[in-house]
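Now for the letters of each chain:
Protein chains: 2
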Amino acid sequence: MSFLCMMEAKLPPGFRFHPRDEELICDYLARRVAGDGDGVPMMVDVDLNKCEPWDLPETACVGGKEWYFYSLRDRKYATGQRTNRATVSGYWKATGKDRQVVDPRRGGLVGMRKTLVFYQGRAPKGKKTDWVMHEFRMEGPASLPLKSSYKEDWVLCRVFYKSRGLCSKPGVRTATTTRDHPLCRPSWTPSSASSTPR
Amino acid sequence: MSFLCMMEAKLPPGFRFHPRDEELICDYLARRVAGDGDGVPMMVDVDLNKCEPWDLPETACVGGKEWYFYSLRDRKYATGQRTNRATVSGYWKATGKDRQVVDPRRGGLVGMRKTLVFYQGRAPKGKKTDWVMHEFRMEGPASLPLKSSYKEDWVLCRVFYKSRGLCSKPGVRTATTTRDHPLCRPSWTPSSASSTPR
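Those protein sequences? They're chains C and Y, same order as listed.
When we follow the working numbering, the leftmost residue of the first sequence carries the number 29, and every step to the right adds one.
When we follow the working numbering, the leftmost residue of the second sequence carries the number 29, and every step to the right adds one.
Looking at chain C on its own, in the form it has when it is part of the complex (with noise of 0.2 angstroms):
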């Protein structure tokens, strides 16, 4: 189970996970480029290559619409700096330009934001579909520092399927959802909080 999961099943309704790029990258991507497991992982890993984006694993889902999870770039040559990002049935193509992400508590920039679709089918004949992918690799003076382990090349990833309902502005989000968040229980008392170590 990922840290994610187990946090999320302790939170009471209306508290969730609801990133800033920079905290994916500053606080998420960084402890596992650093190879700082302690336990319990941040987030789980998973093969681009091996897992369709209808088969993301359920613990790496996130308030029912957005999956989290970090994986190894697969280069599509061991010289070249191309990445395969192809599964069985289809590929994810990059589209846009990358997004710079900038980390005010750093004051710089922290990291790259790639997005991609994914596409059903083969190259160039792909049929595109509404699955998105937020690729976020670590980049930039305000970084940490490079390590042997960096080398891997280690991406957080955000995955997501792309409805009208994506933008939140309070009051649309209840169309945002596309399941409850499981501990969205009145039974859920501020007392089990309360005793919560600081």
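Check the hints yourself; a few may be wrong.
Chain copies aren't distinguished; within one or between two, either way the pair holds.
What the hints assert, rightly or not - Derived DSS-like pairs (lysine-lysine); straight-line CA-CA distance at most 30 angstroms:
| no. | residue 1 | residue 2 |
| --- | --- | --- |
| 1 | Lys142 | Lys190 |
| 2 | Lys155 | Lys38 |
| 3 | Lys38 | Lys156 |
| 4 | Lys153 | Lys38 |
| 5 | Lys121 | Lys156 |
| 6 | Lys190 | Lys125 |
| 7 | Lys93 | Lys125 |
In case anyone wonders, no lab produced these hints; they're calculated from the structure.
Dock chain Y against chain C, hints included.
For chain Y alone, coordinates are given in the frame of chain C:
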């Protein structure tokens, strides 16, 4: 200190209060209406006639961009249903239609959400501001059974300052944030949470 702040202060990076409308009504407003305070208040009480939007208590602020609190509606006239939402410097004016809040867990209507905008000055000459309020009230068959305290007319309010960044699609979240989450610190470790009692 409100329960929300207490909880938020314990959360690891990326976890925050991001409730759905039905959670606000069934899990938070319902407790206040039922007078179910047990120790730590879930949210603070605010008298909207005595408090300007920019003076809302810090303890009611979540994630740096939304204020959640309970409020006792002040009747304009003892006999009427109209609510007096005037402050010293201005007034809250309803806009648009009230939205129904349905809870899939209860399979029906549990409440209504009214949207209000703050105007500076006096009606009808008030000057519109970017302060917006969602006022949640209990209503409907799937709502809790009426209690005497229910007649007291408690509502739950979410106030936010409207800005371009409000749409929190994954990735533009950084733009929606006006301050760092109190506990977004790289020093945080899973062990501090894994010891939490279930």
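Now for the hints, and whether the structure bears them out:
1. Lys142 x Lys190: Both: 16 angstroms inside a chain and 28 angstroms across chains, each within 30 angstroms.
2. Lys155 x Lys38: neither (40 angstroms within a copy, 44 angstroms between copies)
3. Lys38 x Lys156: neither (37 angstroms within a copy, 41 angstroms between copies)
4. Lys153 x Lys38: Neither: 45 angstroms inside a chain and 49 angstroms across chains, both beyond 30 angstroms.
5. Lys121 x Lys156: Only inside one copy: Lys121 and Lys156 sit 9 angstroms apart there, 45 angstroms across copies, limit 30 angstroms.
6. Lys190 x Lys125: Close inside one copy (18 angstroms) and across copies (28 angstroms); limit 30 angstroms.
7. Lys93 x Lys125: Result: close both inside a copy and across copies, 24 angstroms intra and 28 angstroms inter.
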